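Those protein sequences? They're chains G and H, same order as listed. Going by the UniProt record's numbering, the first sequence opens with residue 1, and the numbers climb by one from there. Going by the UniProt record's numbering, the second sequence opens with residue 1, and the numbers climb by one from there.
Calculated from the structure, these hints are not laboratory results. Wrong hints could be hidden among the right ones.
[As the list claims (entries may be wrong)] When the alpha-carbon atoms are kept at most 30 Å apart in a straight line, the in silico DSSO-like pairs for lysine-lysine are as follows:
id, chain 1, residue 1, chain 2, residue 2
1, G, Lys299, H, Lys264
2, H, Lys69, H, Lys198
3, G, Lys266, H, Lys198
4, G, Lys266, H, Lys27
5, G, Lys209, H, Lys264
6, G, Lys266, G, Lys209
7, H, Lys264, G, Lys266
8, H, Lys206, G, Lys319
9, H, Lys33, G, Lys266
Since the structure is predicted, the reported quantities are computational estimates derived from the model, not experimental observations.
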Amino acid sequence: MSVVAVVLAPEGTPGSGVDELMGCAVEAARATGGELLALVLAGTERTALAPTAERLWRLGARRVFAAADPALRDSDAGALVAALAGLVPETGASVAVLDGDPLGAQVGPRLAMRLGAASVTEVVEVRGVDGQILWVRPIYGGKAMAAVRARRPRTVAVVRPRVFRAPAAMQEGPVPADAVVHLSLPAGALGGARPRVVERRAGSSEGQKLEDARVIVSGGRGVGGPEGFEALRRLAEVLGGAVGASRAAVDAGWAPAHLQIGQTGKIVAPDLYVAVGISGASQHLAGVSGARHVVAINKDPEAPIFRAAELGLVEDYRKVLPLLTDRLAQALGRGGDAARAS
Amino acid sequence: MHLVVCVKQVLDPEMSPRDFAIDPATKRPVAGKAPLVISTFDEIAVEVALKLREAAGSGTVSALSLGPKSADEVLRKAMAMQADRAVRIEPGSLGEPDAVQTASALAAAIRERLWPADVVFFGRQAGDTDGGQVGLMVAEILGLPVVTHAIGVRPGEGGKLLVERETRDGVEVVEVAAPVVVTVTNAPSNVPRIPKVKDVMAAHRKPIDVVELPALPVPEESRQSWAEIADLFVPAQDHRCRMMEGDSVEARVDALVRAILDLKVL
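Please model the entire structure based on the sequences and the hints provided.
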């Protein structure tokens, strides 16, 4: 069973999740013993695809199928689904994996339905059992993991972002001439009436996006008020990270809704998550289960957050944060005096 | 204007992990003391539908659920919020349906009992499976366009709808012609209303239209599971929390600084 990594690039260049997607696809191909392929769908001229095709080949794709059309730039997910429904079968692969960014998460289940394929989303682990793939994903807000098995000849799997690592081995040397195969978009894929964007408003541009942040300093009810978030912001600044909040802090009006992390907010996967005054309700933990390291600072030693954390400090955050910010700033050589002064 | 809202009854997502257990025989969670509730985003979808009906000045909001008798509760919740009517698909012996089985049943019921509809609303994902699949699949089955991550919908010009949706970069407004599938996410502007006591009482007296799943025209292959849960397990805690120790706050903070630097992620 061949596996195809489907890379969506309506804006021309693929998003940041390509390495991780290929990491997952490598594991899936290993599990089935099949060949690893890639398919890139780009809203650009065919000639502009060479760097992306080469990148996918280096990341392990034995063959890269490429379909390009500048008209894809203004298309919605529906057009991508229509195009892929024709293109994926042309690759000969029976398993397609997509990155779970908002576009991929939308395309995956629709494509599966169109292909009559089994659909699985939020994949965080791939297990091979007797040449079959078990797709492992969190369920019940991360309280359990489900191992999902396809009962159809084809599968479309959507990978949770920021979980898989880039493939360990890269293909080197010049890209073989026959490694890149250009495909044409199926006729009519771009036609039809579609939703049309009539207005765009930028969200708060303050700081980096939580979904992309390598470090997040997050505050909850224990922060006690909006002014407390200032101290979190300073620590985040020193760590080069973003500020997040629990639902309790958002509901209290101390932090804006777009900073909310949890099952009903953003799902994040930073390298380091510092939870400040967060009790650790399960709906919050569902949003941070992808974090590599969790540090909890809470004055209540019984807070459930300590069961999800790797490092814990039982203390009022007001005493901790200024010291912590200062010492980390010194250790990292980043604006220690500024942190102290502010 | 006819607005359909699909709602799911789920095990309370707020239940503590300590109370969460899996029945090793059925590979399903043990309900135990946890209440069954309307899925969070579905409740928000009801709110968004009601706001659209209010903005349009008239219309009907129908709530639809696939589930056993207990799912009447989430339909009554929707009616207490002021949805006009409710339909429940009785799954019979189906057991725990997967996304395709669910979507096929809902799409068939919409076509048979609730068509024509202008908008079919869903929560962005269910509060138990977090799959985010069913709304998209229903759209595929019914051949409708989809707008995801909506936070509000209002009537536009020429019978079209304006859907305000959340994007990674902010908010955008999308113009779309009905019929359309809309999946809804939470925002300060769509916090679900709390029903009045008299409406809760009235909702309990309203009829719920029950449709038997076998009677619905679902293609045979979509009555089967396409993706089964082969195993369900509670993830092993791979680390115990290391508590920072020391005689003073300073000492404990210093210990934390060293421990954080040892993670080698900064």
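Results of checking the hints against the structure:
Taking the CA atoms of lysine 299 of chain G and lysine 264 of chain H, the gap is near 26 Å; set against the 30 Å cutoff, the hint holds. Between lysine 69 of chain H and lysine 198 of chain H the alpha-carbon distance is near 23 Å, which keeps this suggested pair within the 30 Å criterion. Between lysine 266 of chain G and lysine 198 of chain H the CA atoms are separated by roughly 36 Å; this puts the pair beyond 30 Å, and the hint is violated. Among the hinted pairs, lysine 266 of chain G with lysine 27 of chain H is consistent with the structure: their alpha-carbon atoms are about 28 Å apart, no more than 30 Å.
For the proposed pair lysine 209 of chain G and lysine 264 of chain H, the alpha carbon gap of about 22 Å is at most 30 Å, so the pair holds. For the proposed pair lysine 266 of chain G and lysine 209 of chain G, the alpha carbon gap of about 10 Å is at most 30 Å, so the pair holds. Annotation: proposed proximity of lysine 264 of chain H to lysine 266 of chain G holds, straight-line Cα distance about 25 Å (limit 30 Å). Of the supplied pair hints, the one linking lysine 206 of chain H and lysine 319 of chain G is violated, its CA atoms being roughly 56 Å apart against a limit of 30 Å.
For the given pair, lysine 33 of chain H sits about 28 Å from lysine 266 of chain G by alpha-carbon distance, which is consistent with the 30 Å threshold.
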